[in-house]
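Mapping of the sequence shown onto our numbering: residues 2 to 410, in sequence order.
Rather than coming from a laboratory, the hints here were simulated on the basis of the structure.
The reader is advised that the hints may include incorrect statements.
Unchecked claim - 25 Å max Cα-Cα, derived BS3-like pairs, lysine-lysine: (1) 173 with 210; (2) 375 with 317; (3) 383 with 72.
Owing to the predicted nature of the structure, the values given are computational and were not obtained by experimental measurement.
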Amino acid sequence: MVVPSKPESNNGSNPNPIVRRSSSPGVLSILYSVSKKVGTVAIVYLLGYYNISVAWLIGPVILSVVRDEWKKTSDARRALAKAAAMSNEKEVIIARIDELPAWVYFPDVERAEWVNRIVRQLWPNANHYARDLLRTVIEPNIRNALAAYKLPGFKFDKMILGTIPFRVGGVKVYDHNVSRNEIIMDLDFFYAGDCDISFTLSGIPGGIKDFQLHGMLRVVMKPLIQTIPLVGGLQLFFLNNPTIDFNLVGAADVLDVPGVSDILRRIIVEQVAALMVLPNKLPITLSDVVPAHILKTPEPEGVLRVHVVEAKELMKMDIGVLGKGKSDPYAIITVGAQQFRTQIINNTVSPKWDYWCEVYAPRAQTVTVRLFDKDDSRKDEKLGSVGGGFPTKQLFFKTPASLRCKTLK
């Protein structure tokens with residue numbers, strides 16, 4: 002619950018006015034609700050009329066209940082995040098003391114309310130840039146990825162960012178071990194706005210609302226030049242894959258169920274990673290005297306060699322007739338947008354992979370290791386993961402160390 006701030010009695014205007022909206026449903030929403038109820042009654046009537054077994058009704062009912070519960074949880078989480086995005090830092094701290102901004106936990110991270118005030122005024126003009134980026138870069142990539150799942154014809158129809166801008170929870174500027182020709186800062190980036198995006202997929206209209214994104218965004222200003230604007234360009238990228246969530250609306254709402262919507266979510270995360278998760282960067286040129294390749298070429302701080310040796314006493318996911326079972330485990334190593342996968346070791350709970358991979362990464366990224374059980378008949382099951390990941394800055398320039406993975410019991 003977000004506690005509203007007291008109204009100011011001075012002549013200054015309130016930066017966060019409260020907009021009251023009517024809660025009465027529209028005609029379309031009433032027709033949609035009535036149609037769903039009539040359709041449900043018609044299905045039940047037809048099942049009884051044609052003497053069809055009630056077992057055909059139990060499955061859809063169970064799926065509908067699970068879907069509704071899952072959707073309630075997701076909607077509550079999105080609503081809470083949106084309320085935090087619309088409030089100032091004082092209200093966020095009072096309402097959610099357990100999820101404080103980054104500057105509270107880390108002494109080298111500074112408050113960024115002044116940045117949020119600037120973004121609030123620039124936000125209406127950012128809609129044009131975001132529309133071009135979605136149309137020229139994101140849309141073709143999503144279309145090609147969905148075509149692999151036999152879902153052709155993806156196209157954005159409307160793209161509106163809304164009135165709620167993103168927030169910066171804290172800013173950290175690096176002043177040690179940094180080149181004199183660049184400025185590096187990290188932003189605790191959080192977006193939970195009221196964007197309205199509609200699309201068409203295989204001739205079916207749909208939309209995306211309550212889109213949320215949270216991650217650590219790095220901004221690199223380079224190279225520094227001697228003419229205005231003094232900075233040749235910007236590099237924008239997330240150090241690790243950001244957390245992304247959204248809600249499907251319209252005719253595509255039938256796809257917003259566990260399992261099916263995972264395809265859309267995975268594709269969107271992959272496209273964001275391909276655009277601006279290290280080693281990929283979003284370059285912005287500010288001066289014509291700076292060649293484009295200087296901003297586009299990634300410059301890793303080092304090479305991290307990862308050796309996945311073995312795992313012991315994993316959970317038995319494939320239960321046999323006699324009660325004894327095995328697993329077919331494999332591991333996935335993720336560092337930003339880079340992902341590596343070991344071979345599958347069949348019928349064992351103590352696999353030995355002896356797998357090597359080399360990662361180009363700065364010290365601010367994390368190494369995440371996840372274990373899965375391969376299953377041909379259904380989705381691969383999770384066996385365990387490394388909680389929170391390993392910061393690469395703790396792994397560079399150190400002797401090899403044994404890292405423990407938390408497994409499911």
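Now for the hints, and whether the structure bears them out:
no.	hint	in the structure
1	173 with 210	31 Å, violated
2	375 with 317	12 Å, holds
3	383 with 72	22 Å, holds
Checked against the numbered hints above, the structure breaks only hint 1 and satisfies the rest.
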